[in-house]
Amino acid sequence: MFDSLGDRLDGVFKSLRGQGRLSEENIKDALKEVRRAFLEADVNYKVAKKFVAGVTEESLGEKVLTSVTPGQLIIKIVHDKLVELLGGQSRELAYNPRGITVWMMVGLQGSGKTTGCAKLGLRAKRAGRKPLLVAADIYRPAAKDQLRVLGKALDIPVFTTDDDAVRIAGQGLAYAKENEIDLVILDTAGRLHIDEELMGELQQMKKAVRPTEIMFVADAMTGQDAVKSADAFHQALGIDGVMLTKIDGDARGGAALSILEVTGRPIKFLGIGEKPADLEVFHPSRLASRILGMGDVVTLVEKAQAAVDTKKAIELEKKLRKAQFTFEDFYDQLQQVKQMGSLESIISMIPGVGKALKGLPIDDHALVRIEAMIQSMTLQERRTPSIISGSRRARIAKGSGNSIQDVNKLIKQFGDMQKMMKKLGKMGPKALSGFKFPM
Amino acid sequence: MRGFFKKLRNGLQKTREQLVGQISEVVTGTPQFDDELFEEIEEVLIASDCGLETAAHLTGRLREVCEERKTMKATEVVEIIKEQMIVMLNGGSAPVDAVIDVTPKVYLFVGVNGTGKTTSIGKIGEHFRSAGKSVLFAACDTFRAAAREQLQIWADRSGADLVSGDDGSDPAAVAFDAVNAAKARGRDVVLIDTAGRLHTKHNLMEELKKISRAVDKALPGAPHETLLVLDATTGQNGVSQAESFGDAVGLTGLILTKLDGTAKGGIILGIRQRFGVPVSWIGVGEKIDDLETFDSREFIEALFA
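In the order they appear, the protein sequences are chains A and B.
The working numbering numbers the first residue of the first sequence as 1 and each following residue consecutively.
The working numbering numbers the first residue of the second sequence as 1 and each following residue consecutively.
Quick caveat, the hints were computed from the structure, so don't treat them as lab data.
These numbers were taken from a predicted model, which means no experiment stands behind them.
Glycine is no exception: its CB is placed at the ideal position from the N, C-alpha and C atoms.
It is possible that some hints are incorrect.
Straight line, CA to CA, 25 Å or less: simulated DSS-like cross-link-like pairs of lysine-lysine [to be verified]:
(1) B/K210 - A/K275
(2) B/K210 - A/K46
(3) A/K275 - B/K82
(4) A/K49 - A/K28
(5) A/K28 - A/K50
Examples of chain A residues lying across from chain B (beta carbon under 10 Å, computed) [stated by the list, open to error]:
(6) D42
(7) K49
(8) K50
(9) Q146
(10) L192
(11) I194
(12) D195
(13) D219
(14) A220
(15) A232
(16) T245
The whole structure should be built from the sequences, with the hints applied where relevant.
Structure below.
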């Protein structure tokens, strides 16, 4: 319904760009729009007010009024302020240098604690740790089962008993000591911050296990109330960090600003999907950029680096230069793209593109269909697509469950791509415009 | 409706204290009808997640009345906003009819992750059971770990039947089977639980459409009610949720959950204003009877009492 915060600021600054100089009046107008955008993004109204006051002060300085591109400068000030408010720099979770590390997950109902436990567990396991998930949500039906199933799928041990939550936590820690486990991730029941009894339970659990980190798990869609719940959890327990979940939706995530403002604790992780691997380390500058609609290139590059095999990449580059790119190479490429996450999430990170394609259905199945077609080709066909005759096409169509038209389209687009690459080899980067990925 | 008002009041106590506290703070004594007053009232409304547009609408009307009448007491200002909010909530279609006029009557529950769909189904199942109806749950969240087990426990608590499929199986097939099972067993009510999904995920929304179509195939005209389960702590994204889920499967009502906290759920005003979707039930706790049918007047009265 709303324009995104980025769009909104775009609109504001467009009117600024047209002018050589800024008057006090239009700085104020622009920042009024910034405040408005912040409120629509669910930034707490007090936090928004403070933010705007800060930016107004800086923007009204001589610097801006005499600068050549005042619009750009304001964008920079807004962005820098946003980064500052978001916590300055990213911070990893702390490990206990002596003995067992305990991370305790707390938060409101439905914020994503149990899923978050599995995500952190997987991450720690990949980093060479020996994690244990402890299920201490004794209230929500089947909450323990949920953690058990997740642990089993990830091959991470899960501990729980039929005791009360505080005892389960203590027993979990003892179990970890006996079994040479170096990291305990403690799942707790979701609770309201005004529920004194249950908040008391958390305080007792904290006493019992002395957590290295207490993570407050918060839903990115939270509205104005975020300041109250975050503040209450922080007052009661002293949280160390925040995990912001469900950021893969279209919520503007203004709650992040609010939570940071009231707790002073950094956001450490973002939940970006439902699968255990859908976890991202939080980088304030990236979220600021994302909020401002500037895209998120850093994440994209990192994801690509993690997924792409360097050796293969060098080989591929050679082949591309010589226009010897085959279906086999293409298949490898598809596998690598798939490792980077859903197309939707990849595309949302590309600057400019995210906005242009917003709301456009992106079909991951298209890739699956292409994969199936390539899989239905013989090795020889994959290496030398020119031999794929009519009867071969019919066979590939049948084998992959697609129509002959689909196969024709793929082969034609693949041919176009090869031609394009040949041109590219001769003409340089300009030939890339008009390049179309066969999909 | 017995006990409703009292219970709602209890549930909303925290909400009430804060909102009223703030409004009274703003308008104590003889209010000066200047911009600052309206700005402060607007802020109070924004703090309840009403959203800018709704807040502006309410204060705009307030401004008009204040200009007509020269002097006013603080309580009168509160009355005007209250009236406006009630008018807003009463517009559009009527709340979901909980009367069982067809059997089986099929309710489809949709929403983003973690809003309380399964818990709400447990409570609503109990609500129908205590009214002497036979209830069948369909566990169509075949994605999240142990979602079926969670619904099974609620089914045991309220004595409902449960139809489920294997993990990862097609939720539309489970829904189809569930409606057919309800027909064969002569059950009065079918409550279909679906996996939480972000409304921006195209494929998952397509899956939801398929569930709705499968239900219609099993029983033409079903689902009779499609309810969006909305967390009261949700901010402006709630409007986007209502819009997307509405576009995909057509909403007939909302369930506003977790109203027993400090969140005010003001977003329902904006949703009602924009899409005319009424609130049917509210969730005020984790126990099986922590569910109330929604009444806009009492909701607002309790808010300002």
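Against the structure, the hints:
Note on B/K210 and A/K275: the hinted pairing holds, with a Cα-Cα distance of about 22 Å set against a maximum of 25 Å. Using a Cα cut-off of 25 Å, the hinted pair B/K210 and A/K46 is violated, with the two alpha carbons roughly 43 Å apart. In summary, the hint linking A/K275 to B/K82 is not supported, as the alpha carbons are separated by about 44 Å, beyond the 25 Å threshold. Distance check on the hinted pair: A/K49 and A/K28 sit about 13 Å apart at the alpha-carbon level, within 25 Å; holds.
Distance restraint check for A/K28 and A/K50: the Cα-Cα separation of roughly 14 Å lies within the 25 Å cut-off, and the hinted pair is therefore satisfied. Interface restraint check: A/D42 against chain B, minimum CB-CB distance 3 Å, threshold 10 Å, status holds. For A/K49, the suggested interface contact is upheld, since its CB lies about 9 Å from the closest CB of chain B, less than 10 Å. With a least beta-carbon distance of about 13 Å to chain B, the hint placing A/K50 at the interface is violated under the 10 Å criterion.
A distance limit of 10 Å between C-beta atoms decides the matter here; for A/Q146 the minimum to chain B is near 4 Å, and the interface restraint holds. Interface hint status for A/L192: upheld, as the beta-carbon distance to the closest one in chain B is roughly 4 Å, under 10 Å. Hint on A/I194 holds. Least Cβ distance to chain B is approximately 6 Å, under the 10 Å limit. Evaluation of the A/D195 hint against chain B yields a held restraint, the C-beta minimum of about 9 Å falling below 10 Å.
Annotation: interface hint on A/D219 holds; nearest CB of chain B at approximately 7 Å, less than 10 Å. A least Cβ separation of about 8 Å between A/A220 and chain B falls short of the 10 Å threshold, and the interface hint therefore holds. Annotation: A/A232 was flagged as interfacial toward chain B, and the flag holds, the nearest CB pair being 8 Å apart, inside 10 Å. Taking 10 Å as the C-beta contact cut-off toward chain B, the hint placing A/T245 at the interface holds, the least distance being around 8 Å.
The structure shown violates the earlier hints numbered 2, 3, 8.
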